[in-house]
Amino acid sequence: MINGLKSLILFINFLFCFESSGYFESNADVYSKRNTNYLGYNKIRLDFEKKISNGIDFNLSLIGKNNFGLRYLNSEDFTPYNEKNNFHYYDTLQTVFFFIDHLFFSYNKSNFKLLMGKQPIYYGSGFIWNPINKISFKNVLDPNYEIQGNNAFRLHFFAQTYDFDLIIIPEEKGDEISLFTSIGSSIYNNYLRLHVFRYLNKTYKDNKLLYDLDNYLGLTYSGNLIFDIGSSFEVVKKINSKSLEWTVSFDYTFNYGLNIMYERFHQDLSYEYNSEYPIDLIQNYLLGFINPIGEDYSFFSLSYQIDDYNTISFQSINNISDKSSILIPSLYYSLYDDVDLSFYFYMFNGDYTTEFGLNDWAFKFRVQIYF
Amino acid sequence: MFIIYLFLFSNLIFNQSYESYSILDSIVNKLTPPTSKGIITQVNTSPVKKDRLFKYEYFADNVEGVQLIRYIFPKKVKNNSFLIKNNGKDIWAYFDRTRRIRKLGSHVSKQGLQNSDFTFEDLGKNNNWLTDYKIDLKKEKNDFIINLNIIDKKKSDYDKIIIYANVETLYPSKISYFKKNINEKTLFLDNILYNNSFLYAQTMLMKNNLTKTETKMIIDEVEFDVLFDNDIFNENKLQK
Numbered sequence: 000m001i002n003g004l005k006s007l008i009l010f011i012n013f014l015f016c017f018e019s020s021g022y023f024e025s026n027a028d029v030y031s032k033r034n035t036n037y038l039g040y041n042k043i044r045l046d047f048e049k050k051i052s053n054g055i056d057f058n059l060s061l062i063g064k065n066n067f068g069l070r071y072l073n074s075e076d077f078t079p080y081n082e083k084n085n086f087h088y089y090d091t092l093q094t095v096f097f098f099i100d101h102l103f104f105s106y107n108k109s110n111f112k113l114l115m116g117k118q119p120i121y122y123g124s125g126f127i128w129n130p131i132n133k134i135s136f137k138n139v140l141d142p143n144y145e146i147q148g149n150n151a152f153r154l155h156f157f158a159q160t161y162d163f164d165l166i167i168i169p170e171e172k173g174d175e176i177s178l179f180t181s182i183g184s185s186i187y188n189n190y191l192r193l194h195v196f197r198y199l200n201k202t203y204k205d206n207k208l209l210y211d212l213d214n215y216l217g218l219t220y221s222g223n224l225i226f227d228i229g230s231s232f233e234v235v236k237k238i239n240s241k242s243l244e245w246t247v248s249f250d251y252t253f254n255y256g257l258n259i260m261y262e263r264f265h266q267d268l269s270y271e272y273n274s275e276y277p278i279d280l281i282q283n284y285l286l287g288f289i290n291p292i293g294e295d296y297s298f299f300s301l302s303y304q305i306d307d308y309n310t311i312s313f314q315s316i317n318n319i320s321d322k323s324s325i326l327i328p329s330l331y332y333s334l335y336d337d338v339d340l341s342f343y344f345y346m347f348n349g350d351y352t353t354e355f356g357l358n359d360w361a362f363k364f365r366v367q368i369y370f
Numbered sequence: 000m001f002i003i004y005l006f007l008f009s010n011l012i013f014n015q016s017y018e019s020y021s022i023l024d025s026i027v028n029k030l031t032p033p034t035s036k037g038i039i040t041q042v043n044t045s046p047v048k049k050d051r052l053f054k055y056e057y058f059a060d061n062v063e064g065v066q067l068i069r070y071i072f073p074k075k076v077k078n079n080s081f082l083i084k085n086n087g088k089d090i091w092a093y094f095d096r097t098r099r100i101r102k103l104g105s106h107v108s109k110q111g112l113q114n115s116d117f118t119f120e121d122l123g124k125n126n127n128w129l130t131d132y133k134i135d136l137k138k139e140k141n142d143f144i145i146n147l148n149i150i151d152k153k154k155s156d157y158d159k160i161i162i163y164a165n166v167e168t169l170y171p172s173k174i175s176y177f178k179k180n181i182n183e184k185t186l187f188l189d190n191i192l193y194n195n196s197f198l199y200a201q202t203m204l205m206k207n208n209l210t211k212t213e214t215k216m217i218i219d220e221v222e223f224d225v226l227f228d229n230d231i232f233n234e235n236k237l238q239k
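Chains A and B, in that order, are what the protein sequence lines are. Using numbering that gives the first Met the number 0, the first residue of the first sequence is number 0, and each one after it goes up by one. Using numbering that gives the first Met the number 0, the first residue of the second sequence is number 0, and each one after it goes up by one.
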């Protein structure tokens, strides 16, 4: 008991020597399928940063979460229904859990930056879909939300006109690594980045887990191709394969504050949607080996900032492959400087075998308090 | 005789236009000194909503045409940064909560910084005043009144700008921006102070005459002639 108390005091003392920030978030979802269900969570995120010496920083982020409401999910709640195979998969959401999201140090020396540990890794020019990024996937329904950190070694070199990035990811297979390299430069207000990488692809097929070490070549662009319209694209080609993935997006903000955005995404999954998704594809989707499940998507968004405190938006995501879609009207309200409220309504269109036909409608309420 | 008059007249015109140009050039340089850094408080005021307060660190290298803004208050936007290159044409945003760096389209340069009445373009060096406008200079009591009329309407958002600058210091006290002959917004520069040999307005108030909103920028700390690290204005180093 005393030892436990001592450890707690030491741990608190350890945390208090850091510069800290974070937020509390409470989220509730209600959705209607055959019945109306609700589920939600309360979450706290604590970010700590410590400058150890000139150029060396240490970062730690802790997340604590407790789930409430529906906690026993079956596959039909979050994956397209497969009638032919009568496929079922069950999952349980833990009531309370804690985890380390980030735990890394960075070392800056002249033109080099080195990062080591569990760290946030984001790159790519697309708003929702980043086929160039095989490391972290965004949530299609919430692309601005944070993504969990990844264990990696990263070395960044900055020159006057270009930068070079190297990321090494240890794979859970234990005898291979994924290796990502890229070089980027700005040319007349346009930014281009060339990517060459080797990635350990994981596939679940016929009750077996298969590994393939594949090489890729990619290019990302962001800038203004015509007039002042924001434009970006990503294209990735698997070498020695026909597989090609790409994203194209355009956005524009009018002088009176209306923002309009369109994004189109394509990936090759070597299947044809025929009234339902193949069982192997659903398995790979559940295991997180592919994301998203469809081959072709489009996204359209209209958002208008009414004032400092209120933003309304209408978003539509279409799975072109299975012809399902969601329309999401939302309201973002800033109650105080550090308190935000968000309201989302989801209108699903499609049958239960499609990606966005899982539910009839859903509603989300979220409050975020920053400290 | 006619040729002599023509010569004298053209010489007079040339001298006047040269004087106007050099005075405007001095004003532009005084408004945006070569390098500076500081802490600025931004207050957005609206007739129907309560005031909104932000605080940010500001780094500017106006020789290279780059500015970096890093928010320190409120906590919700702490460490969010904007890197403005090529005098507002090239904007990079960094969102600390999600650790994402994103290049914004140049249409954003016409938008207000954190919903303020200052656009990203307003923060940069206004070299286009010297090239895209016809300059007309008048002197009234202690002020130069400089009328700028756009030559090619496609080149700037404002078709007319009127600058009121002190005759002795050449530091402006008021700048009015016009669109389609409507005075859309006016910038008032107050509490003009010296820091070493540099003049600066401690308080800048931008009044939007259409929306009746106002944004006040108050300089809390400032330093001029700053030697920056090579990579401070690098988009890949926006992440702290």
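In short, the hints are calculated from the structure, not lab data. Just so we're clear, the structure is a prediction, and the values are computed from it rather than from any experiment. Even for Gly, the Cβ is constructed at its ideal location relative to N, Cα and C. Some hints here could point you the wrong way.
Claimed, not checked - Below, simulated DSS-like cross-link-like pairs (lysine-lysine); rule was C-alpha separation at most 27 Å, straight line:
1. Lys36(B) x Lys49(A)
2. Lys75(B) x Lys49(A)
3. Lys49(B) x Lys84(B)
4. Lys50(A) x Lys109(B)
5. Lys50(A) x Lys75(B)
6. Lys84(B) x Lys108(A)
7. Lys75(B) x Lys42(A)
8. Lys50(A) x Lys36(B)
9. Lys64(A) x Lys77(B)
10. Lys42(A) x Lys77(B)
11. Lys178(B) x Lys50(A)
12. Lys83(A) x Lys207(A)
13. Lys48(B) x Lys84(B)
14. Lys49(A) x Lys178(B)
Unchecked claim - Pair by pair, the computed Cβ-Cβ distance ranges are:
15. Leu340(A) x Val42(B): 39 to 45 Å
16. Thr40(B) x Tyr37(A): 51 to 57 Å
17. Ser274(A) x Lys152(B): 52 to 58 Å
Status of the hints after comparison with the structure:
Distance restraint check for lysine 36(B) and lysine 49(A): the Cα-Cα separation of roughly 24 Å lies within the 27 Å cut-off, and the hinted pair is therefore satisfied. Note on lysine 75(B) and lysine 49(A): the hinted pairing holds, with a Cα-Cα distance of about 20 Å set against a maximum of 27 Å. At most 27 Å may separate the alpha-carbon atoms for a hinted pair to count; lysine 49(B) and lysine 84(B) exceed this at roughly 32 Å. At roughly 37 Å between alpha-carbon atoms, lysine 50(A) and lysine 109(B) are farther apart than 27 Å, so this suggested pair is violated.
Taking the CA atoms of lysine 50(A) and lysine 75(B), the gap is about 22 Å. The hint holds against a cut of 27 Å. This hinted pair checks out: lysine 84(B) and lysine 108(A) have alpha carbons roughly 24 Å apart, not beyond 27 Å. Restraint check for lysine 75(B) and lysine 42(A): satisfied, since their Cα atoms lie roughly 16 Å apart, inside the 27 Å limit. Of the supplied pair hints, the one linking lysine 50(A) and lysine 36(B) holds, its CA atoms being roughly 22 Å apart against a limit of 27 Å.
Proximity of lysine 64(A) to lysine 77(B) is assessed by CA-CA distance (about 23 Å); at most 27 Å being required, the pair is judged to hold. For a cut-off of 27 Å, the pair hint linking lysine 42(A) to lysine 77(B) stands: about 20 Å separates their Cα positions. About 49 Å separates the Cα atoms of lysine 178(B) and lysine 50(A), which puts this hinted pair outside 27 Å; it is violated. About 21 Å separates the Cα atoms of lysine 83(A) and lysine 207(A), which keeps this hinted pair within 27 Å; it holds.
For the hint linking lysine 48(B) to lysine 84(B), the alpha-carbon distance of about 33 Å lies beyond 27 Å, and the restraint is violated. Restraint check for lysine 49(A) and lysine 178(B): not satisfied, since their Cα atoms lie roughly 49 Å apart, outside the 27 Å limit. Remark: the range hint 39 to 45 Å for leucine 340(A) to valine 42(B) is contradicted by a beta-carbon distance near 23 Å. As the Cβ distance of threonine 40(B) to tyrosine 37(A) is approximately 43 Å, the hint placing it in 51 to 57 Å is violated.
Checked against the given bound of 52 to 58 Å, the beta carbons of serine 274(A) and lysine 152(B), roughly 57 Å apart, stay inside it.
Of the numbered hints given earlier, the model fails hints 3, 4, 11, 13, 14, 15, 16; all others are met.
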